[in-house]
Structure formats: structure tokens, C-alpha cells
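Q: Below, each chain spelled out in residue letters.
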Amino acid sequence: MTTSNTDEKLITKKDLLHSACNIGALGMEYSWNYPRQMHLAFCLMINPMLKKIYADDPEGYAEALTRHVAFFNITPQLAPFVGGIAVSMEERVAKGELEGAAVDSVKAALMGPLSGIGDSIFLGCIRVIAVAVGISLASTGNIMGPIAYFLIYNIPAFLVRFIGAVKGYELGFSFLANAEKSGLMEKVMFASGIVGIMVIGAMSKDMFYATIPLKIGANVSGEDVQTVQTILDGIMPGMLGLSATWIYYWLLKKKVNPMWLILGTMILGVVGVYFGFLG
Amino acid sequence: MVVQAILIGLIAAWGSLDYAFGTLYTFRPIVLGPLVGLVLGDVKTGVEIGASLELLFMGAISVGAYIPPDVNIGGVLATAFAISMGKGVDAAVALAMPIAVISLGIGNLVSAITPVCLKIADDGAAAGNDKKIMFTQWLMGAFATIYKFLLVFGAFYVGADKVQALLDFIPQFVLDGMGVAAGILPAMGFAMLMRMIINKKLIPFFFLGFVLASYANIPVLGVAIIAVIIAVEKFGFLEDRPVMAGNAEEVSDDDDF
Numbered sequence: 065m066t067t068s069n070t071d072e073k074l075i076t077k078k079d080l081l082h083s084a085c086n087i088g089a090l091g092m093e094y095s096w097n098y099p100r101q102m103h104l105a106f107c108l109m110i111n112p113m114l115k116k117i118y119a120d121d122p123e124g125y126a127e128a129l130t131r132h133v134a135f136f137n138i139t140p141q142l143a144p145f146v147g148g149i150a151v152s153m154e155e156r157v158a159k160g161e162l163e164g165a166a167v168d169s170v171k172a173a174l175m176g177p178l179s180g181i182g183d184s185i186f187l188g189c190i191r192v193i194a195v196a197v198g199i200s201l202a203s204t205g206n207i208m209g210p211i212a213y214f215l216i217y218n219i220p221a222f223l224v225r226f227i228g229a230v231k232g233y234e235l236g237f238s239f240l241a242n243a244e245k246s247g248l249m250e251k252v253m254f255a256s257g258i259v260g261i262m263v264i265g266a267m268s269k270d271m272f273y274a275t276i277p278l279k280i281g282a283n284v285s286g287e288d289v290q291t292v293q294t295i296l297d298g299i300m301p302g303m304l305g306l307s308a309t310w311i312y313y314w315l316l317k318k319k320v321n322p323m324w325l326i327l328g329t330m331i332l333g334v335v336g337v338y339f340g341f342l343g
Numbered sequence: 002m003v004v005q006a007i008l009i010g011l012i013a014a015w016g017s018l019d020y021a022f023g024t025l026y027t028f029r030p031i032v033l034g035p036l037v038g039l040v041l042g043d044v045k046t047g048v049e050i051g052a053s054l055e056l057l058f059m060g061a062i063s064v065g066a067y068i069p070p071d072v073n074i075g076g077v078l079a080t081a082f083a084i085s086m087g088k089g090v091d092a093a094v095a096l097a098m099p100i101a102v103i104s105l106g107i108g109n110l111v112s113a114i115t116p117v118c119l120k121i122a123d124d125g126a127a128a129g130n131d132k133k134i135m136f137t138q139w140l141m142g143a144f145a146t147i148y149k150f151l152l153v154f155g156a157f158y159v160g161a162d163k164v165q166a167l168l169d170f171i172p173q174f175v176l177d178g179m180g181v182a183a184g185i186l187p188a189m190g191f192a193m194l195m196r197m198i199i200n201k202k203l204i205p206f207f208f209l210g211f212v213l214a215s216y217a218n219i220p221v222l223g224v225a226i227i228a229v230i231i232a233v234e235k236f237g238f239l240e241d242r243p244v245m246a247g248n249a250e251e252v253s254d255d256d257d258f
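Sequences listed follow chains S and L, in order. Under our numbering, read the first sequence as residues 65 to 343, first letter to last. Under our numbering, read the second sequence as residues 2 to 258, first letter to last.
None of these hints come from the bench; they were simulated from the model. A hint or two may mislead.
[To be verified] Taking lysine-lysine pairs in the BS3-like style, the calculated list, with each CA pair at most 27 Å apart, reads: (1) Lys-88(L) to Lys-251(S); (2) Lys-78(S) to Lys-115(S); (3) Lys-251(S) to Lys-235(L).
Note that the structure is predicted; figures quoted are calculated from it, not measured.
Chain L with its partners taken away, still in its complex shape:
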């Protein structure tokens, strides 16, 4: 139990270290869910819960002044509790959002205090000492990594009984209702993503994508490929490109997945 709690804490800590190694987006439930499953001996359920939580948190991205709930901790802890108690996706969904919101609060507290350390880097820069900047880089990140580890380790180690009791206390229809809400909330995620990229000229393409999936039953990857073909064709990215070779390459990057 202690070993498992430590390992799960480390998975959450990786969610923060991800930002040190390229913002790989491995802090999302779709990646961490299976890892939690691996620790608890049920990879398949981990993958399934990870997929559901990923959709649930689809809209958990920063748009405007909105700071999203802590997907990393919410995803890891909810998956860990659900699997270790032999419950499925519904329980994970019911737990994930409250946990994510609480850890956002704690995270905000941490990030309100830590900027006092930036003075070390400023002094270093003024003295031409890059080691102090490097030190501050790791120090600033380490706060998040450590508090995530402690929070998740502690919550999983101490909280399991209470969460079990809570889940037993919650009537089944509430859990089912959470499951239904988790089926609806992806739509909010789609709406938030749309808010980020939309302009009037894009709206017909939304419906094109929908209709291809709805009436023609084309899977999303197929729709994505059709979309790339349309984009390439519409803007003539394959035509001669005398001056702007640099940026055109960036576009072809997302063509060749």
C-alpha cells in the first residue's frame, strides 16, 4: 500500500516534470490513467478511465482568464481511487472534478508565493552568473513537482478509507448521474476549443465535420484526413512556394501524422 501510494505520487509528480521536458502533454489522464492502472495491476481499466477523463477534461484549457481545474492531480487520484476500490469509470468521473478543483486551489496558493524566489535569477543575471538562473528554473518547477507528489501520495495513502466510505454512501443514481454528466461535458470541451479558434468563416467546416461523422459514419481520423486535404487544396500549399518555404513546412508537419 505504501509502495503503491509512493508510485502513484510519482506519477502525479511526473505530470509536473512533463513541463520540464518539453510540455509533452503526458500530464493528461489519457497517458497517466494507464500508468496508474499499471501500478494497481489493471492497465485495461486504467486506459478506459483515462480515455473517459480525457474527454471529461477536454475543456480544461486556459482560455481568457479561466484557469482550468488541475487535470493532472484530478486524473491521477480519481483513477487510482476508482481502480483500487474495484469501481469503474462512473466512480472515477464523480471523483475527478471535485479533486481537480480542490487541487487547483492549493496550486494557486503555491504559485502565489513562489515568485519571491525570482530575485535569485535577477541577481544572477545582473552578475552574469547563469548558474543562478538555472537554479531558479529548477527551484520554481520543483515547488509544483513536490507538492503534487505529497498531495497525491498523502491523499491516496490516508484518504482511501474515507473515499471508499463516501462512494458507498453516495446513492447509485447519483453516480450514474455523474456518468451521464461525463457524457455531456465533452460538448463543453468542444465549445471551449471552438472559442479558441473560431471565426465566422470556419462555422461551415464545423458542420461539414459533423455531417461526415453523423450521416456518413466516417471515424474522426477519416474526418481529419479529409480536413487536411481541404486545407491543403484551399490554400494551395502544394503549389510552388518561392519565398515562404519555412512556414509551409510547419503546415505539412500536421499533414503527415
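This is chain S alone, in the form it adopts within the complex:
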């Protein structure tokens, strides 16, 4: 729709769907490197379509390849969407309607916002649900745990890849600008944030396993002996996990290195077990 061409479509739906699952699209993080991150895979993802667009123009093709081996980074599942947009623009570059640099700047403009939304959907929401469900099955040795985890994470991931490639090409950059203007991006981020954070809240109760077995008011006969843990559970089950989560949150916010937190927790665990105040 953003393209003004009236002649028969060069890029077919099949091309786009293929670009969503070719070795480039799926290998976004395989060749990941510090200087330029996902650049090679992005270039390979749209390469078959670039070949079609620049079939009679080897020079243009080489320029396009050079454009797309520049820095690129995004939530991998959203790369095909950017690929679709980039290809719709490359068609116009090939016709001379657009400068090649425009493709670069659109790609660069998309990386930040799309990674924000992509990470919050995939890492902050879907992965959290997948892990939560997977672990609650797997902790009893049930092999369905890993399988459920795999499916919950990957079915949405592949749907987004396929739909993204097609929509990106059809709707182009204008769609995204609209979405940003209308606040849809924020809504989607907020919505996935709600789901993610509620599940994390539930996990902070269900998947925190330390207890305080210290006895209080111990009489020798052993009756009426309460541990700190039973008292805490009487007030609010899962209080320890809740507190620990927020203490870590606060420490991380204070920029304490996570490595130190891990080490400190291990020392706390050993000392706690030795003196019997943790179990």
C-alpha cells in the first residue's frame, strides 16, 4: 500500500513466508557478534528477495547487500517484520524512487522501539509463562514440563514471524508510525507487562523454596513448638519469597552486580544451614 507500483507483484506472499523461516530469519543470533550483532542473518533473511528485486542490476544488488550487512539488532522474532518493511522499501530503491540511505534510517529507527515491545512480549511475558508452567510440571519429574515449555514459547514465536513478514511488507513503515501515534504499541507493552508481572508475582510465592525453620518458644516436651516459618505462613503464605524478590529488586536498582548477589546468596545459604536458621 505504501508502494505505488501497479505492475504485477514481484514479491509474493510465498517469498515473504519463506523469508520468515529461512536460515537467516531463524539464525538471527547464531552469528551474533559484538560489533554488528545480527547483521549477517538479517542480510541473509532478505537476500532471496533482494536477488529478485535486483535481478538485472548486479551493482544495485551489491549495494543492497552492503547496506544490509550493517549493524542490526532486535528481538529475533520481530526480525521478519522489519525484513518485510525493508524489502518493500528496497523495491522502490530499485526503481529509483527512494534513496538507499532511507532504508538504513528506517531500520535504525525500528530497532529500539520494536526491541522494547518484543522483549517485553517474548522475554517478559511469554517466556515467563512457559517457564512457570514448564517448571510446575517438571519439578515432579514429569516430561510434559519441558514439552509444554517448548510449545508455549515457540508457537507464538513462529506465528509472529510469519504474520510479521507479510504485514511488514504490506503495511510498511507507515503502519508502524500510525501504531506508535495511536498508542497501540504502548497498550500492547502494558498488556503484556500485566500478564508478565502477575505471573512473576505468583511465582515469587510458588517458586521460592527457602524456609526459616528456627523454633520459637521451644519447650522441651516439643508441644506447641512453632517455627518462624509457620508464623510467617499464618500471616501471609509466601511472605519470604515476596520480601526476597523486592530486596533483590532494590539491590539491582542500586546497581549491585548480579554476580555479587549470587555469591552473597550462596554464602547466606551455607551460613544459614550451618547455624540452622535457613532450610
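Since the structure of chain S is already known, use the hints to place chain L on it.
A: For chain L alone, kept in the frame of chain S given last:
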């Protein structure tokens, strides 16, 4: 023993190849633990250790400048050592974090050197030769795949005696302490995830999720379903959506798990 070591090395190598086939997140302990268990003839323990290590490494995600320990190698080797020595979750937990940190160091070394190969791809692009780009794609990834295989194969084959001796040397209360730490560390993972998605308006929903689990004893999947209902309702995703059909579909994707 050699065959087992090779197979376990291959499992670790898959953890790197995962990135070539869609970042499927199968490099995490929850998936690789059972596979290691399969090789060593104890799938059930593999699944259990995998679940514990997955929680232990919950926070092992890149946030800001923090590069997380190597979950892939830490998970595979720790599970392999623990099962082959007839030890349980505690031993795996005690081994996993140190191994993961050491392999992060080695991995950093590898990824500091490999970018010199990118010139091959640049030359290819300038000459319109996509084969060179494809070659570089696989070359860059192959470094990681190969070093992971060698490291895990070697460590499991050579290191088993030493790790056994180490585990025998460590007093039981230290192992128990590691077990307790592994029960606490998921909280750090939750905190790291929160750092990624939090804004002020989300905080009440954290407590809603907690309270549903705490007082109402609703399992996490139930909480997730309630959360999806709230999100759909709050933002009216099911109402008429004239212009933005594309993105709304992405949202419904995580509804229909």
C-alpha cells in the same frame, strides 16, 4: 564413557545450534537436563534437575550491561556430573553456577576474537557474492558450537574424577546450603525480569498475582489466565479494531496458549 561424553558434548553443542534454528530457547536447562538424563539413563532425575537449574538461572538474561553466566554449559555439565555420580539436585546446583561463570569467561574470549572474520562477509557484500555472507554466518556460529562441544566433552571425560573428589570433599552442610541458595535465587531472577518490564503502573498487578497465588492458592497457569483476561478487558482488544488489526493479532497469540 567416551560415547556418553561425546553425546553430552553434542547436547551442549545443540545449545549453540539452537540459535541457528530460531532461538527456540531449547538451550535452557529445562530442556537440556532431560536430554542429559536420557544419555545417562535417568530421564526423571534429568527433568527434576533441569527444572531446579532453570529456576536457579531464571535471572540469567541480558539486562543492561550484565552478561549472564553460560546457562547452556553450566546446565548441561552440572546435570551430567550430578546424575553420573548418583547425586541429586543439590550437587547439580552447587556445580552449575561456578561452571557457568567459568564458561562465560571462555566464551567472552572466543567472541572477542571471532569478529575478525566479518571481513569475509563485507568483501562478499561489496562483490555481490551472497555465498560469502552465508559462509560467514555459519563460520561465526560454528566457533561457539565447536568450543561448547569440546569444552563439555573434555570436562566430562577428564574432569569426572576430580569433580567426584571435590564433591566428596565438600561437607554436606555446604551442599545443603547451596540447595537453600538455589531456593532463594529464583527471587533474584524474578527481580531481574521485573527490572526489564516494570513501570509504576504495573506494581499493583505484581501484588495481585502474588495474592492470588498466596491466599487463593491458584497455580501459576491459573494466574496467567486471569492476567490475560484482565489485559484483554482493560485495553478492549476484543472490541472492534478497525485499523490496527495487525498488531492486535500479535496480542491474541499469547492468549491462546
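Q: Tell me, which hint numbers fail for this structure?
A: 1
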